[in-house]
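Trainee: Which chain is which? The protein sequence lines are A and B, in order. Here this note's numbering is used: the first residue of the first sequence is 1, the next is one more, and so on. Here this note's numbering is used: the first residue of the second sequence is 1, the next is one more, and so on.
Do not rely on the hints blindly, as some may be mistaken.
Said to hold, decoys possible - With a cut-off of at most 27 Å between alpha-carbon atoms, the simulated DSS-like pairs for lysine-lysine come out as follows: (1) B/K716 x A/K390; (2) A/K407 x A/K162; (3) A/K407 x B/K719; (4) B/K723 x A/K423; (5) B/K723 x A/K390; (6) B/K704 x A/K401; (7) A/K268 x B/K764; (8) A/K401 x B/K716; (9) B/K719 x A/K423; (10) B/K661 x A/K451; (11) B/K554 x A/K118; (12) B/K554 x A/K127; (13) A/K401 x B/K719; (14) B/K667 x A/K401; (15) A/K107 x A/K118.
Read the hints as simulated data drawn from the structure, not as lab findings.
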Amino acid sequence: MFSHLSSGKLNFSILKESARRELLECLDRCVGTKALIWDDNLTGPFGLIAEYALLKEHDVTRMFPLKPGHLPQTTVQNVVFFCRPRLALMELIAENVLKEEAGAGSKKEFHVFFVPRKTLLCERKLKELGVYGTFATIDDYSLEMYPYDSDLLSMEMEDSFKDCTLYEDYTSLYDCAKALMTVQALYGVIPYIHGKGQHAKHVCDMVLRMRLELGGTEVQIVPQIDSLLLLDRSVDLLTPLATQLTYEGLIDEIFGINHTIVQLPPEKFASSSEAQGGASAFSTELRKIVLNSGEELYAEIRDKNFNAVGQVLSRKAKAISAQFEERHGAKTVGEIKKFVSKLPYIQAAKESLGNHTSIAELVKEVTDSSEFVGCLHTQQEFMNGVDTDKVHPYVEDCISKQDPLTKVLRLLCMQCAANNGFKPKVMEFYKQEIIQTYGFQHAITLNNLEKAGLLRVQGNKTYPALRKGLRLIVEDVSEQNPTDASYVYSGYAPVTVRLAQFLARPGQGWRSVENVMDLIPGPKIEVAQEIPAGLKKKRRLTLDNL
Amino acid sequence: MMSIIGSWSPLGLGKNVFYSKSDLYSMHWADLVDLSKVNIAAASYGGPIAIRRDDSKITKIQGSTKKVIFIFSAAGQKISQFVWNSGCVIEFSWSSTEDLLCVQDDGQVLVYDIFGTFKRVFSMGQEAKDTGIIECRFFTTSLGTGLAVLTKSYRIFVVNSVENPTIRRLAEIPGLNAPPSSWTVFNLERQTRAIVAKNADIFLLNQGGQCQDQYPAFTQAGQFITEMAVSVNNKHLALFTSSGTLWIGSSDMQTCDCEFDTKCLQRPQQLMWCGTEAVVAYWDKLLLVIGSHKEFIHYAYHEPVYLVPEVDGIRILGQTLHELLQKVPESVMDVYRIGSMAVGAILMEAAREFENGSYKADEYIRMIKDSLEEAVKQCIEAAGNIYDNTATKENQKALLRAASFGKCFAVDMNADLFVNACQLIRVLNAIRDTPVGIPLTHTQLQSLTLRVLIDRLILRRHYPLAIRICEYLKIPDCEGASRILAHWACYKVQQVNIPEEQLATAITEKLGNTAGVSYAEIANKASDCGRTQLAIRLLDHEPRASEQVPLLMKINRDDVALTKAIESGDTDLVYTVILRLKQTLKTGEFLMSITRIPVAYSLYLQLCRQQNRELLMDMFYQTDNFHEEAHCYIYNSYQQKSIDKRLADLQGAHDSFSKAKNDFMAKQVEDEMRLIRWQCEQERKSEKPYLDLSLQDTMTVLLKAGLNKQAEELRKDFKVPDKRFWWIKIMALADTGNWQELDKFSKSKKSPIGYEPFAEVCLKHQNVSEARNKYIPRISSENKVKFLVKLGLLEDAAEVAFQQKRDEELQYVLAHCSPLKPNLVAKINSLRSQLTAKK
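One chain only, chain A, in its complex shape (with noise of 0.2 Å):
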């Protein structure tokens, strides 16, 4: 189930296992069964760490979702938390505990573990509500990071942006430099750093010192990694507005990506879902499909562009069908043997391609709506820096059709980074605007924008400057066969991944650049890490082998 994980450069499998491992013992210090109680936000994540029935295996016997009122009847001897360190769960568990109580008879054991750590403000919070005594257990589970994928890891901190641009409040950096310490204690120390930001740099400086922390006890092992690539959002806020148009940024786009688990509506499968049983086919309930570089198919056209991708489904399915052919082909038993035994893995990539075809279609509708391609054709130009210095006709008319806030909002960001900001004319026309049709509470949404730096006045035009200097516009990149990393935007190549490649480049890194840099926010870092001589690999260490 989860052997996508160790087939990429790293193993994250080591990092799962000891995730896994940890857990396993934080359940085993409440003897007896268990029902488990979830924050919402972990339930997710949680998944790609343990299934339910390891969790099944360990007594676990019931879980709930943390919910205020009462917990539900059951007849556990333990009652386990698993929540982030949020004042707001606090009161949540307090209720619960505290309604448990004083039902006549009650005879369970509390416990309580803080994803990735307990914090002094909870542990106050529940003396306060006064259930801290009734914990059995208050204690971490320090689970960092997700694997989601063979390269990649996520913290699923989605209040990190917001926390640290709107309230200057940096726990979230905190907790970025503690999972980097616990990535180089399972796969060495890092012997390069580099980064743009200031939130980077806040990072980086934490990771330097937690090393000195730890003094002489680190573990010592070989690093696995060359380099660590510190950017902070700030350096690029315009890309993630923009609707991404590769295969799964589509589906994300339209669907919603969560934990690797997209849901869909059912009707595109029904072919499939009779070969499970006819009754199935009639159910309205949306269906879940996993998306991981498990999957070969899916391994292969997720990074591609849309619009390259219907070519490979053609290509596979005649692929298939030949194998298929190949059945008259078999004469001999022996052959017929080979045949059967290619069967299940045909099966299995028939299934994956009649789910990929599906969703493809799902996804097709989407793209080829006027509403879609105006707005992509809007976002085109803002990217190139077309008219984004005036209020523009095409934002305006979303506006008086009231269109989802979100798109509105992203267009008007999008524009406003292309043009460094807004003039004071233009910025207040786009927010009465905005108050007018979508309401007054929005005045917090835009001010919060602003203190984003989503939003903003007029400064330094230097968003021309950066587009040329690092390329972001490409205007004859392939779609099908690209040779440019801008294919992901049909044109547009993300600063992030541009400083990302120039920094790659061997011999030269940030050098040949140096003045683009400068006009991209916060400072830089350029940071060695000390190994000791015995783990230095012995290849030189070129940063192209990245």
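Here the structure of chain A is known, so what remains is to put chain B in place on it, guided by the hints.
Mentor: Frame of chain A, contents of chain B only:
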């Protein structure tokens, strides 16, 4: 070579078992100590020796009536002395951590370190205190050193570890009404047992409260047991009887190895095991080594001596001498025994001949060429085991030279063994050296472990030697050098006669940034000694904020603590200090100090945001942050239930925006208030809900209800741009299916947004004919084809495209043609060819 064998004595004939005596030190304590008049406690593993005047041997120490306890190193060098002014000591001994345990007759046990500094005291219980103690025994357990006391009521109480004394009473011995004739305590398989002899009866007591009679096999029954000894490994037992018989057997008394007649009825002054194969009994100046087959060796001394048991032998302390008596280790015997044909002995011979330049070297090597590795190993082992106390270390050198010589011929041999042995021998020689005075054998070091040895060097404040050993053996810094330096620094901060400034410099210079040194620990020590400034200076060097911050708070340096917490980036730590500041400071002072530090301020705001929004607003007010204050008002206005309160909050927001000189937002708030009032008014009139709708939604509702006048009123009042108003109206009319009105509206005046929106809403509501007839003609030519295609009017689209002579639009139409309509496809293709033909 002769000098080695010269000290060997055979135990039994023809058995190849020898006992040897090696000189360890010549003692220089003669002028301070008269061994015949003192009590001695010497720690095993070459540990310190404590000496106190023996009250029973009445003599006067010149000029002084105070009792003094002296502590010497094993080499006889004085480490410390201290005046004893507590109660009556009945016994004293060293614990496994080299603490001096002084047991008083009231059951109090006073603990001192080797520098005579009092550490702590513990009691052996109420009964021991009430009745008093007659005797006590020390024993070794897995937890450290244990202690057993015999009270005057003839009960035995034990603790298994003096570090963590939990008192247990052993079972009572039936009918015991006088002190036992002899007793001992030992710990075997985690069980503490006592063997008690009541004249001829022997009892085994265990922790479980059981008392068993024992009947060890004696050839002559009824002898009183007057002395007994258990071996260091607790497996063997020796019993001495009133008739002079020595019984040797297992400690469970099930097997008897032999009974030896010493021909001496007087019980020995000391009886103990030498290793595991022989028992040593000492009478006045006479030492007898007795093997388990009745063999014996007899040594005579010119002076009284005192015996100290070790794992592999015994040490003999005298007024001037200090010797080690042990069974000659096998490797040493193999190499040195006269006429030995062991491969190691031959290798030695070969090496010697080689040094003499003799060809015989080759012959000897040939003799052992098949077992060279073994020969080398024998020499290496012998070099480690031999106790070479001569200044030149000639025996060790000769053995290692031979090993090194032999190694040249054993090509494949791993050199680690040799290198490790050389290193270890060097360490052993260094610690045996008189100034240090820890005479460990190789076997003893293995049993003690290197880590404990380092601890003991630290305990004796031999810091430089300890560090050099760690560096030499490449022990990781965190277990070695760093740990030692930290101990050194902790010792240093206690030297109150040195100025703090000087100490801080000395410590930081020496420790620098050594990884793994806990400056916090040292600072804590300094703070315990009342040296706050020193503690602060030292804490500056502590890299771990989690250690630094709590200590800084402990010494009331909250300001520094806050700075350090912020530097660490650990927000939880910052909160720790903030909450403490909030507790200790007055509100005003707290606000002052927190607003000065942005990071702390932001975090405090974040806490307020989650816990207490009123406080949050107050903070903004205090700091003149009108912009944020205004937004707080807006936020609050949405929490209010009554309109008046809501409007009051908005008024607040308005005022704050004005103070912040944000006229635009002030105006927006004003508009909102006006809108709310208007909506209230409208609700009262129409009894339909309007509140909480945006301006746009309000107008949409009005237009849908046909209240055009009111919508118009709002449009003017709020200066809604024409374009948007047209959109609102078009959508409202289409949504209500009011096509007629829509048509009228489209003709009312020229649309500021063109006529595409009209077509679009028709399309949305699938009113194709309305779009085709009324609006398509009016939309701009470049959009016409697209709209016709959208409406599914492909033929019309093709016509228009053809009229406009646009081939790309014809292609566009073609792309939307279903192949099921071959006629249409054919038509478009013909139009295309006509178009190209014209060109």
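Trainee: Each hint needs a verdict: does it hold in this structure or not?
Mentor: Checked hints:
1. B/K716 x A/K390: The given pair, whose Cα atoms are some 24 Å apart, holds under the 27 Å limit.
2. A/K407 x A/K162: With Cα atoms ~19 Å apart, A/K407 and A/K162 stay inside 27 Å; holds.
3. A/K407 x B/K719: With Cα atoms ~25 Å apart, A/K407 and B/K719 stay inside 27 Å; holds.
4. B/K723 x A/K423: Within the cut-off at roughly 21 Å; holds.
5. B/K723 x A/K390: holds, 16 Å
6. B/K704 x A/K401: holds, 15 Å
7. A/K268 x B/K764: holds, 24 Å
8. A/K401 x B/K716: This hinted pair holds, its Cα atoms lying about 20 Å apart.
9. B/K719 x A/K423: With a Cα-Cα distance of about 21 Å, the restraint between B/K719 and A/K423 holds, given a limit of 27 Å.
10. B/K661 x A/K451: holds, 17 Å
11. B/K554 x A/K118: holds, 23 Å
12. B/K554 x A/K127: Roughly 22 Å between the alpha carbons, so the hint for B/K554 and A/K127 holds.
13. A/K401 x B/K719: holds, 18 Å
14. B/K667 x A/K401: holds, 24 Å
15. A/K107 x A/K118: At roughly 25 Å apart (the allowed maximum being 27 Å), A/K118 and A/K107 satisfy the hint.
The structure agrees with every numbered hint stated previously.
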